[in-house]
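Number of protein chains: 2
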Amino acid sequence: MDIYKFTIPEIIFGRGCLEYAGICAKQLGASRIFVVSDHGVENAGWVKRLLDILEKENLDYVYYCDVTPNPKDFQIHNGAELYKDAKSDVILALGGGSPMDAAKGIALLVSNGGDIQDYEGVNKVGYPLPPMVFIPTTMGSESDISQFVVVTDVKREIKMTIISRTLMPNITLRDPSLLTTLSRDLIIGPLFDSLSHAVESYVSPIANSFTETQSLKGLDILAQNIRPALETLEPKYLENVATAGIYAGMAFSNASVGLGHALAHALGGMYDVTHGIAHCLLLPSVMRFNLPSCEKKMAKISKIVTETELHTNEATALLGIESIEKLRDDLRVPSQLREILTDKSNLKKISKNAVNDTCMLTNPRDATWEDMYRIFCEVW
Amino acid sequence: MDIYKFTIPEIIFGRGCLEYAGICAKQLGASRIFVVSDHGVENAGWVKRLLDILEKENLDYVYYCDVTPNPKDFQIHNGAELYKDAKSDVILALGGGSPMDAAKGIALLVSNGGDIQDYEGVNKVGYPLPPMVFIPTTMGSESDISQFVVVTDVKREIKMTIISRTLMPNITLRDPSLLTTLSRDLIIGPLFDSLSHAVESYVSPIANSFTETQSLKGLDILAQNIRPALETLEPKYLENVATAGIYAGMAFSNASVGLGHALAHALGGMYDVTHGIAHCLLLPSVMRFNLPSCEKKMAKISKIVTETELHTNEATALLGIESIEKLRDDLRVPSQLREILTDKSNLKKISKNAVNDTCMLTNPRDATWEDMYRIFCEVW
Chain A
1 MDIYKFTIPE IIFGRGCLEY AGICAKQLGA SRIFVVSDHG VENAGWVKRL
51 LDILEKENLD YVYYCDVTPN PKDFQIHNGA ELYKDAKSDV ILALGGGSPM
101 DAAKGIALLV SNGGDIQDYE GVNKVGYPLP PMVFIPTTMG SESDISQFVV
151 VTDVKREIKM TIISRTLMPN ITLRDPSLLT TLSRDLIIGP LFDSLSHAVE
201 SYVSPIANSF TETQSLKGLD ILAQNIRPAL ETLEPKYLEN VATAGIYAGM
251 AFSNASVGLG HALAHALGGM YDVTHGIAHC LLLPSVMRFN LPSCEKKMAK
301 ISKIVTETEL HTNEATALLG IESIEKLRDD LRVPSQLREI LTDKSNLKKI
351 SKNAVNDTCM LTNPRDATWE DMYRIFCEVW
Chain B
1 MDIYKFTIPE IIFGRGCLEY AGICAKQLGA SRIFVVSDHG VENAGWVKRL
51 LDILEKENLD YVYYCDVTPN PKDFQIHNGA ELYKDAKSDV ILALGGGSPM
101 DAAKGIALLV SNGGDIQDYE GVNKVGYPLP PMVFIPTTMG SESDISQFVV
151 VTDVKREIKM TIISRTLMPN ITLRDPSLLT TLSRDLIIGP LFDSLSHAVE
201 SYVSPIANSF TETQSLKGLD ILAQNIRPAL ETLEPKYLEN VATAGIYAGM
251 AFSNASVGLG HALAHALGGM YDVTHGIAHC LLLPSVMRFN LPSCEKKMAK
301 ISKIVTETEL HTNEATALLG IESIEKLRDD LRVPSQLREI LTDKSNLKKI
351 SKNAVNDTCM LTNPRDATWE DMYRIFCEVW
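As you go down the protein sequences, you meet chains A and B in turn. Per the numbering used here: the first sequence = residues 1 to 380. Per the numbering used here: the second sequence = residues 1 to 380.
Some hints could be false.
Where chains are identical, the list cannot tell them apart; a pair therefore holds if satisfied intra-copy or between any two copies.
What the hints assert, rightly or not - Derived BS3-like pairs: lysine-lysine, alpha-carbon spacing no greater than 25 angstroms straight-line:
| hint | residue 1 | residue 2 |
| --- | --- | --- |
| 1 | Lys352 | Lys155 |
| 2 | Lys5 | Lys236 |
| 3 | Lys84 | Lys236 |
| 4 | Lys155 | Lys303 |
| 5 | Lys236 | Lys56 |
| 6 | Lys84 | Lys26 |
| 7 | Lys5 | Lys26 |
| 8 | Lys348 | Lys56 |
| 9 | Lys326 | Lys236 |
| 10 | Lys326 | Lys303 |
| 11 | Lys155 | Lys348 |
| 12 | Lys236 | Lys296 |
| 13 | Lys84 | Lys326 |
| 14 | Lys352 | Lys236 |
| 15 | Lys26 | Lys124 |
| 16 | Lys326 | Lys5 |
| 17 | Lys5 | Lys56 |
| 18 | Lys344 | Lys26 |
| 19 | Lys326 | Lys87 |
| 20 | Lys48 | Lys87 |
If you are wondering where the hints come from, they were derived from the structure by calculation, not from laboratory data.
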């Protein structure tokens, strides 16, 4: 029996809990809050709503929004300078994975110094970060739950993964009413990202009883709710998938992810591919590749997704993978890389980058860059 | 949809993780640790082992062990004085529920002042507590996971329940090898306490998706492992029940408990009845009383315990309750109050005390003192 950890932030969940943003920041000792968001969230009206709440609580703040999808190293370096100039003391992120990861990167630099590149890998953060309150406006990244941050190194054209206990926010405010301003297209990617978190954390070699329970529960809720959530965009289904996302986040934050994320990071480092859409393309092929190393667990996943058990674990598992492909086809979401990229000339380079991704430490099956290249060609 | 919270301490689990006690205390800024334990844990050799670990890490400490089962208010007041005199900065508890609850009480008084009675009830703690690292040597109380502390008010002859987010330790070190020095008799009570946590948290009116998942998983593991754990005392089964205890702890810390705990507290306040043994006596009767208010959930509990479904929820639920009674009978554990008390003259007074217990705020069915008295008579 190995020694393992299970840790999550304080989770506050429910429609309207955005109202507690100021109170939570105060509890953590805020006098000048550093708010990180982006233009998309601004346009949906949520930034104004948050700043009104902070003002009502008489809280001073500085606002930073120079964050793009797949947040870049320089955006984090610039944010850290602004944080220090403003003498901020608590970081509040409002948005999807990009503003949240940018906020984590900023928190890391202002407390530990240096460049964001210095911390690539596992457990390289020496000093505690300033308190963090995160408010996701979408789901999928689960950055608000996790010990992960993913940042694009512009020069190397890769997405770096940094994993440390200190990167977990103190409090996450999960207000599902924030999901109601999202279009169907903006939800698809995050849903497949969550699905990938549930699957990859479950088959991770460092999974344990606590992470496995959350992986399977997340998967179960996703299996039942992805279709109605995307078909209707009704609050009850959006709440369900948001709940599933939290389960998947609790799992992968502690058990990590694998090949699918290594490939998606490498792809996103070279091209500004939406992270969740990369999982739409890759998840079934990644599951097929990993199958020989975790047949029993893949069969369990399939039983939850299909409610069917065949004569062997392998057959059952394959049925589950096919059913995820069918879900993707039914939903008319991208299933081929050529739908989002114009040429395949960089796929070898991307594969070579993916081999070094931190997430490969926790994939159940070893993969060479040639294996990865084959997967990219398969989904081309 | 209500707004709810889900929060747990950092959990470190695995054989040998006791070795990390000093490192964890250091991470939380310890320079002089206040160690709380009791004579039973001393006799098992664990206190010496812990102090050796702290010395190896060059950590200074003060040791306090004037703690009895059902820890008393004055023991906490004395401990708080010692903590202040010693200028301690981190609290480390090693033991069962009693040393852990005493440690929480001490942490509360040294940071918030006054008497322990001042904090009875929910959310009455104003200031943060000193950092706490807890190392359970048994299971059942799950004080190391929970936001609860239960202390005997000697004068009023009651056990007070105090619930506050601040009472949750920072880190729990769950080393299942510590369970191996326990006798069968010392494990029975904690196992029934865990069972009661899983059941009562599941039917709590403030249960939510996250607590329900942990309740049911804990229940499932307990149902499969209580018999072999008690029959063999083998490490693998002890590890499984310890894992179940953590699940039950995650659930009840966030969803609370109900009537069973109100009755057990009232009983333990008047007589030094072991808390877990009170649950051996009370759990089936409490489940029967609550059944009309939560038939569907009780049926779900039964399906996990018995793997059987009958034609109605009520019938299924009753089967589960009977199976818990059968488990108790098979294990030859106390099933009648008269086996542990000599007279029933105080049962009315105890029932009247139980009505005011904080846990009654989260019982699915209202209960008068007469209802409670009837339950006590039923199990007499």
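The hints, checked one at a time:
1. In this assembly of identical chains, the alpha carbons of Lys352 and Lys155 lie at most 25 angstroms apart only when taken from the same copy (16 angstroms versus 72 angstroms across copies).
2. In this homomeric assembly, Lys5 and Lys236 come within 25 angstroms of each other (Cα to Cα) only across copies, at 19 angstroms, whereas the closest approach inside a single copy is 33 angstroms.
3. Proximity of Lys84 to Lys236 under the C-alpha cut-off of 25 angstroms is found in neither arrangement, the shortest distances being 41 angstroms within a copy and 51 angstroms between copies.
4. When the C-alpha separation of Lys155 and Lys303 is checked against a cutoff of 25 angstroms, the pair qualifies neither within a copy, at 44 angstroms, nor between copies, at 57 angstroms.
5. Taking the closest pair of Cα atoms, Lys236 and Lys56 never come within 25 angstroms of each other, the shortest separation being 30 angstroms inside a single copy and 54 angstroms across copies.
6. In this assembly of identical chains, the alpha carbons of Lys84 and Lys26 lie at most 25 angstroms apart only when taken from the same copy (19 angstroms versus 28 angstroms across copies).
7. Only between protomers do Lys5 and Lys26 lie at most 25 angstroms apart by alpha-carbon distance; the minimum there is 17 angstroms, versus 29 angstroms within a single protomer.
8. Proximity of Lys348 and Lys56 under a CA criterion of 25 angstroms is satisfied in neither setting, with 53 angstroms inside one chain copy and 51 angstroms between copies.
9. For the identical chains of this complex, Lys326 and Lys236 are intra-copy neighbours only, at 24 angstroms inside a copy versus 41 angstroms across copies, given an alpha-carbon limit of 25 angstroms.
10. Taking the closest pair of Cα atoms, Lys326 and Lys303 come within 25 angstroms of each other only inside a single copy of the chain (16 angstroms); across copies the shortest separation is 33 angstroms, beyond that limit.
11. Taking identical chains as interchangeable, the C-alpha atoms of Lys155 and Lys348 lie at most 25 angstroms apart only when both belong to the same chain, with a minimum of 18 angstroms there against 77 angstroms between chains.
12. For the homomeric pair Lys236 and Lys296, the shortest alpha-carbon distance between copies (21 angstroms) is at most 25 angstroms, but the shortest distance inside one copy (33 angstroms) is not.
13. In the homo-oligomer, the alpha carbons of Lys84 and Lys326 never lie at most 25 angstroms apart, since the shortest distance is 50 angstroms inside one protomer and 65 angstroms across protomers.
14. With identical chains, the CA atoms of Lys352 and Lys236 are never at most 25 angstroms apart, being 42 angstroms at best within one copy and 42 angstroms at best between copies.
15. Within a single copy, Lys26 and Lys124 get their C-alpha atoms only as close as 29 angstroms, which misses the 25 angstroms cut-off; across copies the closest is 18 angstroms, which meets it.
16. Proximity of Lys326 to Lys5 under the C-alpha cut-off of 25 angstroms is found in neither arrangement, the shortest distances being 36 angstroms within a copy and 36 angstroms between copies.
17. With identical chains, the CA atoms of Lys5 and Lys56 are at most 25 angstroms apart between copies only, with a shortest distance of 23 angstroms across copies and 39 angstroms within one.
18. In the homo-oligomer, the alpha carbons of Lys344 and Lys26 never lie at most 25 angstroms apart, since the shortest distance is 50 angstroms inside one protomer and 51 angstroms across protomers.
19. For the homomeric pair Lys326 and Lys87, neither the shortest alpha-carbon distance inside one copy (52 angstroms) nor that between copies (64 angstroms) is at most 25 angstroms.
20. Taking the shortest Cα distances, Lys48 and Lys87 sit within 25 angstroms of each other inside one copy (22 angstroms), while across copies they are farther apart (47 angstroms).
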